[in-house]
Amino acid sequence: MAEAPAIRTHALHKAFGATRVLRGLDLEVARGESLVVIGGSGSGKSVLLKCILGLEIPDAGEVWLDGQPTGGRPRPAFLERFGMLFQGAALFDSLSVWQNVAFRLLRDRRPPAQARARAIEKLARVGLAPEVADLFPAQLSGGMAKRVGLARAIATDPAVIFFDEPTTGLDPIMAGVINGLIRDIVAETGATALTITHDMASVRAIADRVAMLHAGTIRWTGRAAGLDDAEDPMVQQFIHGRPEGPFTQP
Amino acid sequence: MTGPLVATGRATREALAGIGALARFAARVVAAGLRGPFHGVEVLRQLGAIGWQSLPVVGLTALFTGAALALQIHAGGARFNAESVVPSIVAIGITRELGPVMAGLMVAARVASSIAAEIGTMKVTQQIDALVTLSTDPLKYLAVPRVLAATLAVPVLVAVGDSLGIMGGWLVGIGRLGFDAQTYLVNTVEFLEVWDIASGLVKGAAFGFIVAVTGCFFGMRSGQGAQGVGRATKAAVVTAAVLILAANYALTELFFRG
Ligand SMILES: Nc1ncnc2c1ncn2[C@@H]1O[C@H](COP(=O)(O)OP(=O)(O)OP(=O)(O)O)[C@@H](O)[C@H]1O
Ligand SMILES: [Mg+2]
Chain A
1 MAEAPAIRTH ALHKAFGATR VLRGLDLEVA RGESLVVIGG SGSGKSVLLK CILGLEIPDA
61 GEVWLDGQPT GGRPRPAFLE RFGMLFQGAA LFDSLSVWQN VAFRLLRDRR PPAQARARAI
121 EKLARVGLAP EVADLFPAQL SGGMAKRVGL ARAIATDPAV IFFDEPTTGL DPIMAGVING
181 LIRDIVAETG ATALTITHDM ASVRAIADRV AMLHAGTIRW TGRAAGLDDA EDPMVQQFIH
241 GRPEGPFTQP
Chain B
1 MTGPLVATGR ATREALAGIG ALARFAARVV AAGLRGPFHG VEVLRQLGAI GWQSLPVVGL
61 TALFTGAALA LQIHAGGARF NAESVVPSIV AIGITRELGP VMAGLMVAAR VASSIAAEIG
121 TMKVTQQIDA LVTLSTDPLK YLAVPRVLAA TLAVPVLVAV GDSLGIMGGW LVGIGRLGFD
181 AQTYLVNTVE FLEVWDIASG LVKGAAFGFI VAVTGCFFGM RSGQGAQGVG RATKAAVVTA
241 AVLILAANYA LTELFFRG
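Chains as they are written, first to last, in the numbering used here: chain A, 1 to 250; chain B, 1 to 258.
One or more hints might be untrue.
Stated by the list, open to error - Sample of chain A residues at the chain B side, in silico, Cβ under 8 Å: (1) Leu53; (2) Leu55; (3) Leu79; (4) Glu80; (5) Met84; (6) Gly88; (7) Arg104; (8) Arg107; (9) Phe136; (10) Trp220.
Unchecked claim - Just the calculated beta-carbon pair ranges, DEER-fashion: (11) A:Asp134 x B:Gly18: 41 to 51 Å; (12) A:Glu3 x B:Ala15: 28 to 38 Å; (13) A:Ser94 x B:Arg24: 22 to 32 Å.
Claimed, not checked - Okay, derived cross-link-like pairs now, DSSO-like style, lysine-lysine, Cα gap no bigger than 30 Å in a straight line: (14) A:Lys50 x B:Lys140; (15) A:Lys50 x B:Lys234; (16) B:Lys140 x B:Lys234.
Everything labelled a hint here was simulated from the structure, so no lab data went into it. The C-beta atom is built at its ideal place from N, Cα and C for all residues, glycine as well.
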C-alpha cells in the first residue's frame, strides 16, 4: 500500500460573501516533496494555506493530514511538527529575535540558555550573526525579518514547512539568498514543503512539482523540470509574464 | 419618514448580536483560563502594563472628582443646613460609585484601546496565525493574561482612587469649606462601612474584566489594514465604556436595593 500523502485536499470550497475563492480544489503533496503553488494575485493561494491549517474553515470539502481527516480544525499533532514562514514574517513584536526563534522551545519549558543556544544556531543557519539575537523585530530590515521568520519556522526541525510568498518585497539578490536557503534546508531535512508564490525564480529554485491555481481549482500540475514545455497556454503566459493571453485578472 | 426608525431598529439588532458574540467570547476566555497551560510571565507583564501604568491617571481623576464632589455636597447640603455631612457623603459617593466608575472609565480609555490596537495589529500582521502554527492558543496566550491582570489590577486601582478621592474632598474641606482637618477624617471613618469599600472593589474587578475582554474581542476580529485596527480600537473603547456604566447600574441594584 502506498504511503498516505502528507497533505491532501478534496473538493475544497471557500467563499467570502459573493466571492467564491476556492471552488472544488483537489491537491496532494507527497511526503518529502516540495510543491509550489503558483497563481495570480487574489487567486486564493493564501486562503488555500489557511484552509489546510484550519485557520479558515472551508465551506465544503475535506483536508487530510498524514492520511487523517481534520474536520476543518487545526490539528495539534500536525502542528507540533510544522513550521511556517509568513508573507510578512509575522514576528512577535514584543519578543526579541531569539525569543521569536525559540518560541516553541520556551513554550515547552526548555531551559532558556538551551533555547537561546538553539536559536543562535538556527540564526547562523540562515546567515545571521549572534548579535541579531537580542534585537527586536522593529529593528530588522525586511530581508532580515524574513530570515528570522525562516529560522523560527525551522527551529524544531519540522516535518512539514509552508512558505507564503517567501520573496515578495525583497530585492533580487536577497530573494535569491532566501530561495537558496529554502532549497538547501528542504533538501537537508527532507521536509515536506508547500510554497505559494508568483515569483518564477522561487519556483525554479524550490519546486519538485508545480501546481497552478486558477478560478478556484488546480488548473495544471506537473514536474518543475517540465514547466517550460507545458502546453497549457495559461501556464505559458504566467511563466513568461505576458500581458496578453487567456489570463484575466479577477 | 421611517428612515430613522428603521436605522435605529437595525442598529439595535446589530448591537444585541454584538453583545451576544462578546458574551460568548468572554465565556471562551474564562474556559481557556481554567484549562491551562498558564502563561505566568505574560500575566506579570500585563499587570505592569494595565495596573501600574494606569495609576497616575486614575489617581489624578479621583483626586479632582473628590474635590469637586466636596464642593457640590457642601453647596447642596447648605440648602438643608446640613453642611456637616460633607465628609461622609464624599466618602460614600467615592467608594461606592465614583471611585470604581472613574477608574473603570479611565482604564477603558487607556487599556481597552491599547489592547485592541495591539491585538488588532497582531491579527493584521498574521502574528495571531503564527501563534496557532506554533501550537499556541491565542486565547490562552493573549486574552487570558490580559483579562486576569485587568480583573486583579482594577480593584487595586479603585482602592488607590478611593484614597485619593477622599483626600481630594478632605483638601477642599479644610482649605475652602472651613472644616477642621482632624474632624473631617473622624467623620469620614466613622460613617464608612466595610461594604461601602468592598462593593466598590467588586465593581472594579467586574469593570477590569469588561475592559480586557472587550479590548481582546475587538482586537481579534479587527478588519484588515490600519483602518481596520483604528475601527477596532474605537469600538473597543466605546463598548467598554457603555458596558461599564450599564454593569455599574446593574451591580448597584444588586448590592444596594431595598
Ligand atoms: N478574510 C477574508 N474576508 C474576505 N475576503 C477574503 C478574506 N481572505 C481572502 N479574501 C478574498 O479571497 C481572495 C483570495 O485571497 P488570497 O489572499 O488567498 O489571494 P492570494 O492568491 O494569496 O493573492 P496574493 O498573491 O496577492 O497574496 C481575494 O479576493 C480576497 O479578497
Ligand atoms: Mg497571499
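Evaluated hints:
1. Checking Leu53 of chain A against chain B by beta carbon gives a least distance of about 7 Å; that is within 8 Å, so the hint holds.
2. This hint holds: Leu55 of chain A has a C-beta 5 Å from the nearest C-beta of chain B, less than the 8 Å allowed.
3. Residue-level restraint check for Leu79 of chain A holds (minimum Cβ-Cβ distance to chain B is 5 Å; threshold 8 Å).
4. The restraint placing Glu80 of chain A at the interface with chain B holds, with a minimum CB-CB distance near 6 Å, inside the 8 Å limit.
5. This hint holds: Met84 of chain A has a C-beta 5 Å from the nearest C-beta of chain B, less than the 8 Å allowed.
6. With 8 Å as the threshold, the beta carbon of Gly88 of chain A comes within range of chain B, its nearest partner Cβ sitting at about 6 Å, so the hint holds.
7. Because the closest C-beta pair between Arg104 of chain A and chain B is about 5 Å apart, less than 8 Å, the hint holds.
8. Checking Arg107 of chain A against chain B: minimum C-beta separation of about 6 Å stays under 8 Å; hint holds.
9. Proximity of Phe136 of chain A to chain B is violated relative to the hint, the smallest CB-CB distance being about 14 Å (cut-off 8 Å).
10. With a cut of 8 Å, the hint placing Trp220 of chain A at the interface with chain B is violated, because the nearest CB-to-CB distance is about 28 Å.
11. In this structure the supplied range 41 to 51 Å holds for Asp134 of chain A paired with Gly18 of chain B, their Cβ-Cβ distance being about 43 Å.
12. The supplied range of 28 to 38 Å is broken by Glu3 of chain A and Ala15 of chain B, whose beta-carbon atoms lie about 53 Å from each other.
13. About 27 Å separates the C-beta atoms of Ser94 of chain A and Arg24 of chain B, a value consistent with the hinted range of 22 to 32 Å.
14. Of the pairs offered as hints, the one joining Lys50 of chain A and Lys140 of chain B holds, with about 21 Å between alpha carbons and a cut-off of 30 Å not exceeded.
15. Proposed proximity of Lys50 of chain A and Lys234 of chain B is supported: the alpha carbons are some 28 Å apart, at most 30 Å.
16. A C-alpha spacing of about 24 Å is found between Lys140 of chain B and Lys234 of chain B, which places the hinted pair at or below 30 Å, so the restraint holds.
Consistency note: the structure conflicts with the earlier hints numbered 9, 10 and 12.
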